[in-house]
Amino acid sequence: MRSAFAVFAAVLVGIAAGFGSAWLVLDNGQLLSRTEYDYWFGNEKAGSTAADPYTRGIIAKIGLLALNRSETIYFHRYKDQDGRQLREGCVYEMSGGNLPARWWSITAYAGDDFLPVNGDGAYSVDATQLQRDADGRWRVRIAATRGDAANWISTRHAGSFNLALRMYNPDAGARDDVSTIPYPTITRLNCSEGHA
Amino acid sequence: MKRLIKYAVLAFAVAVVTHLATVLAAPYVLMDVAMARVSKADGINHWTHPPRTTETSRKVVRPSPDLAYSACVYDLDGGPVHVTASAWDDYMSVSVFAHNSDNIFVINDRQAPQGVDMIIVRKGEPHPPGAALVVESPSRRGIVLQRRVAPTQERWEAANAARRHDICEQLKS
Numbered sequence: 023m024r025s026a027f028a029v030f031a032a033v034l035v036g037i038a039a040g041f042g043s044a045w046l047v048l049d050n051g052q053l054l055s056r057t058e059y060d061y062w063f064g065n066e067k068a069g070s071t072a073a074d075p076y077t078r079g080i081i082a083k084i085g086l087l088a089l090n091r092s093e094t095i096y097f098h099r100y101k102d103q104d105g106r107q108l109r110e111g112c113v114y115e116m117s118g119g120n121l122p123a124r125w126w127s128i129t130a131y132a133g134d135d136f137l138p139v140n141g142d143g144a145y146s147v148d149a150t151q152l153q154r155d156a157d158g159r160w161r162v163r164i165a166a167t168r169g170d171a172a173n174w175i176s177t178r179h180a181g182s183f184n185l186a187l188r189m190y191n192p193d194a195g196a197r198d199d200v201s202t203i204p205y206p207t208i209t210r211l212n213c214s215e216g217h218a
Numbered sequence: 082m083k084r085l086i087k088y089a090v091l092a093f094a095v096a097v098v099t100h101l102a103t104v105l106a107a108p109y110v111l112m113d114v115a116m117a118r119v120s121k122a123d124g125i126n127h128w129t130h131p132p133r134t135t136e137t138s139r140k141v142v143r144p145s146p147d148l149a150y151s152a153c154v155y156d157l158d159g160g161p162v163h164v165t166a167s168a169w170d171d172y173m174s175v176s177v178f179a180h181n182s183d184n185i186f187v188i189n190d191r192q193a194p195q196g197v198d199m200i201i202v203r204k205g206e207p208h209p210p211g212a213a214l215v216v217e218s219p220s221r222r223g224i225v226l227q228r229r230v231a232p233t234q235e236r237w238e239a240a241n242a243a244r245r246h247d248i249c250e251q252l253k254s
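As given, the protein sequences belong to chains P and R, one line each in that order.
Plus 22 on top of the position in the first sequence (first one is 1) and you've got this note's numbering.
Plus 81 on top of the position in the second sequence (first one is 1) and you've got this note's numbering.
For reference, chain P alone in the conformation it holds in the complex (with noise of 0.2 Å):
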């Protein structure tokens, strides 16, 4: 009896440590990290129909209906130049230039990978919304508030953030080796108390 019952505990205790612990790997997107640039990070096997069954799960999980490669390059970051995470309480001035696509967009998520509920309709900047600078760069002030800056992503309510780049239809340049792709940087300017 006292044997069975021991059986019966450690089946429970193996499904629970491997559930939890696949779950922990498919929620964790920087697992992903497969190419990364200045903390901008990708998989050149998300949507593609050669992915591993880690990069299928991490990308159905945290990306789902995610294209190919060879249509949209997509890279994703939670850290600032520091390797700090991105957080709600501090303000980031991100930057760069023309990205090589025929369109793109860089948007913010919060932890739980869906759009910061805040009301403030600033979730993204895209190339053609962005207001740029004289020679074509650009700048984006990433907070909770606007400030009196000419582009604003909203991080109000978003908690531990993170960001993601799509660029439909990449040039040949880009699909081939996605390290020629001038990243936008991102700096983190301030952070109010409790947040340093």
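Rather than coming from a laboratory, the hints here were simulated on the basis of the structure.
A hint or two may mislead.
As the list claims (entries may be wrong) - Pairwise CB distance ranges, derived in the manner of DEER restraints:
(1) D157/P x R191/R: 23 to 33 Å
(2) A172/P x P209/R: 51 to 61 Å
(3) Q153/P x E238/R: 17 to 27 Å
(4) V110/R x S25/P: 26 to 36 Å
(5) L34/P x V110/R: 40 to 50 Å
(6) G158/P x R191/R: 16 to 26 Å
(7) S214/P x P219/R: 43 to 53 Å
(8) G158/P x Q234/R: 24 to 34 Å
(9) R84/R x R106/P: 41 to 51 Å
(10) Q195/R x D157/P: 30 to 40 Å
Claimed, not checked - Just some of the chain P residues that point at chain R, by a computed CB distance under 10 Å:
(11) Y76
(12) I80
(13) K83
(14) Y145
(15) A172
These numbers come from a predicted model, not from an experiment.
We treat Cβ as the ideally placed atom computed from N, Cα and C, and that holds for glycine.
Keeping the supplied structure of chain P fixed, place chain R upon it in accordance with the hints.
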């Protein structure tokens, strides 16, 4: 002691099997959830045209607020499915995702400037006569997704009007 090791080995073996089974099953389960959500309003083999993406859009993770999405859950049980998507004057694509979440096909407006007209059949099944574009699905069910770049309210309304007559339905014999 020996018995304790025996139970630890058993727990470890069960953990490994459960871990692998969860990883392998996750895409199917997540697709099932997405298919149930997408087809809830308009059913199977029918385009669903959701409202503009906002913070209240919670059917599929990481939606882009700059795209007008339409989705159709296809089911090939009753035969091939006919899918059309009207032309768009900016980036537009129609993509097909199998039950395991693989992106098995995608076509964009540059490849189909007059719009998309295609038939989805079960892999290995005969192609309908006269069909110009046929996609073979390895699974009976899956999702067809349409994306149109529409970053402003005005462009979204134009996209919404453009897709109004798009078809996703069982092929009429």
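Okay, the hints, checked on the actual structure:
In this structure the hint that D157/P and R191/R lie 23 to 33 Å apart at CB holds, the actual value being about 29 Å. The supplied range of 51 to 61 Å is met by A172/P and P209/R, whose beta-carbon atoms lie about 53 Å from each other. Distance hint for Q153/P and E238/R: a CB-CB separation of about 23 Å, consistent with the stated range 17 to 27 Å. Under the hint 26 to 36 Å, the C-beta atoms of V110/R and S25/P, about 34 Å apart, fit the expected range.
In this structure the supplied range 40 to 50 Å is violated for L34/P paired with V110/R, their Cβ-Cβ distance being about 21 Å. The hinted range of 16 to 26 Å is satisfied by G158/P and R191/R, whose Cβ atoms lie roughly 24 Å apart. Checking the proposed 43 to 53 Å range against S214/P and P219/R shows it holds: the Cβ atoms sit about 51 Å from each other. A beta carbon spacing of about 26 Å between G158/P and Q234/R agrees with the range 24 to 34 Å that was offered as a hint.
Between R84/R and R106/P, the C-beta spacing of about 48 Å keeps the proposed range 41 to 51 Å intact. Roughly 39 Å separates the CB atoms of Q195/R and D157/P, a value that falls within the hinted 30 to 40 Å. Of the supplied interface hints, the one on Y76/P holds, with its beta-carbon coming within about 6 Å of a beta-carbon of chain R, less than 10 Å. Hint on I80/P holds. Least Cβ distance to chain R is approximately 9 Å, under the 10 Å limit.
Because the beta carbon of K83/P sits about 6 Å from the nearest beta carbon in chain R, less than 10 Å, this interface hint is met. Checking Y145/P against chain R by beta carbon gives a least distance of about 5 Å; that is within 10 Å, so the hint holds. The interface hint given for A172/P is broken, as the beta carbon of that residue sits about 16 Å from the closest beta carbon of chain R, more than 10 Å.
Violated hints for the displayed structure, listed by number in ascending order: 5, 15.
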